[in-house]
Structures are given as C-alpha cells and as structure tokens.
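Trainee: Letter by letter, the chains look like this.
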Amino acid sequence: AQSVTQLDSQVPVFEEAPVELRCNYSSSVSVYLFWYVQYPNQGLQLLLKYLSGSTLVESINGFEAEFNKSQTSFHLRKPSVHISDTAEYFCAVSALNRDDKIIFGKGTRLHILP
Amino acid sequence: SQTIHQWPATLVQPVGSPLSLECTVEGTSNPNLYWYRQAAGRGLQLLFYSVGIGQISSEVPQNLSASRPQDRQFILSSKKLLLSDSGFYLCAWSRGSRMRAFFGQGTRLTVV
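Here the protein sequences come in this chain order: A and B.
Going by our numbering, the first sequence opens with residue 1, and the numbers climb by one from there.
Going by our numbering, the second sequence opens with residue 1, and the numbers climb by one from there.
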C-alpha cells in the first residue's frame, strides 16, 4: 500500500521569499505523484503531477516539484511566493494501476507574511 | 465538459439520525469515484472508492457506508450518525490512477 507524509503542517514565509513544502512517499511499486492546492473556502485543484519522464515538473503559476526516487520525495518549491499563494497544499500518490486509489497527505498550510 | 455535483453544501444532523450525501458526475463514463473526509490536521482521509457499479472498497472501518447504484452516482450513508462523524466530506472522480482527480465543493456535516 502507498502512503504519503507531509512533515510540515504549517509553513510561514515572507512574501517574495522562496518556499519548499516537503512530501515523502512510501510504496512497493512505481507511483504517480501529485500536488493539489486548496484555496480558502474552495475545493481542491490539481497543481502539478509527475507521471513519467523528466523528474522536474512545473505548474503555470511558478511552482515546481522534483521527483527523487532514491529519496522517495516529491517536494514542492517556489522561488518567490505571493500573498495569493496562501492555501493548503496536499501531496498525493497513486500506484501504476488504473484502478488504484489516490492517497493524500495531511496537507501543509502555507501562510504568506506581508 | 465534465462536472461533479455534490450536495448538500452544509448539513446539521442530530446524533442517531441517518445520513445520505449524494455525488453525481456528468460528462464522462465509468469514472473512478471517491469519498474523502477532511479534518483539521488530518488532511484528506480516503473513506471509500469505487471503480465500477456496485464495486466499493472501504478504507477505514467506521460508521459510514457507500453505494454506487449507477455509473456516475456515488452515495455516502449512515444509519445512525455519531458526533465523531462531523467533518468536511469531499467527493471526487478520476479516469484512472494516473489522471487528475476532480473534486466536488464538499459537504460540511455537523452532528449535534
């Protein structure tokens, strides 16, 4: 079975500073990895995903994540955050089986400080 | 285009009362369907998922059950609610494990 660990429940960071949200996964098989974002009072939206190929994946709003198989990690980074990035971020994993379930981490709440 | 409907948005129910939350998907066929519960500090906990009509996998032993009477309909139920059933329930669908999941807007359930 797969599992996801997000070590930080909350991350405060000043506006325009860089940020890294950590995600580690556990699985005995190859996996797909995702980051979802939940803005205040909204549902979840896909931010980016790793399926195969290049280990560095990017989103349209400046976030990127790097798949590191040896460290079983998929950390999310942004070089300069904005107040609009205030949200909760969820890392998720699923196995390479069409019918496998999607397992989410506990989430990391990103607080942008002015 | 595909859409997912989940209702009601909020619900206040007394302890011991039954529950029925409904989720329907439009614009796709044979989706994988999921029920998650979101609680502060616990993230998204997978409750049930379904890969087809009548096929339900339960992830966590609890006071809840799920059914999929039609291809694009997923229902979360309880015969007798407990206080601990309070939370934010999210329905989601995907075309498969490599595909993104689309979420409904959620139901805030308060058991009093």
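Because the hints were derived from the structure by calculation, they are not lab data.
From the three backbone atoms N, C-alpha and C, an ideal C-beta is built for every residue, glycine too.
Be aware that one or more of the hints could be misleading.
Claimed, not checked - One-sided and incomplete, this derived list gives chain A residues near chain B with beta-carbon spacing under 10 Å:
{"hint": "1", "residue": "Y25"}
{"hint": "2", "residue": "Q38"}
{"hint": "3", "residue": "Y39"}
{"hint": "4", "residue": "G43"}
{"hint": "5", "residue": "N61"}
{"hint": "6", "residue": "T86"}
{"hint": "7", "residue": "K106"}
{"hint": "8", "residue": "L113"}
Trainee: Taking the hints in turn, state whether each one holds.
Mentor: Verification of the hints:
1. Evaluation of the A/Y25 hint against chain B yields a violated restraint, the C-beta minimum of about 14 Å exceeding 10 Å.
2. A least Cβ separation of about 8 Å between A/Q38 and chain B falls short of the 10 Å threshold, and the interface hint therefore holds.
3. Given the 10 Å rule on beta carbons, the hint for A/Y39 is violated: about 12 Å separates it from the nearest Cβ of chain B.
4. The restraint placing A/G43 at the interface with chain B holds, with a minimum CB-CB distance near 4 Å, inside the 10 Å limit.
5. About 16 Å separates the beta-carbon of A/N61 from the nearest beta-carbon of chain B, more than 10 Å, and the hint is not met.
6. Given hint, A/T86 at the interface with chain B, is violated; its Cβ is 17 Å from that chain's nearest Cβ, farther than 10 Å.
7. Here the hint on A/K106 is kept, as its CB sits about 3 Å from the closest CB of chain B, short of 10 Å.
8. Annotation: interface hint on A/L113 violated; nearest CB of chain B at approximately 21 Å, more than 10 Å.
In this structure, the earlier hints numbered 1, 3, 5, 6 and 8 are contradicted, and the remaining ones agree with it.
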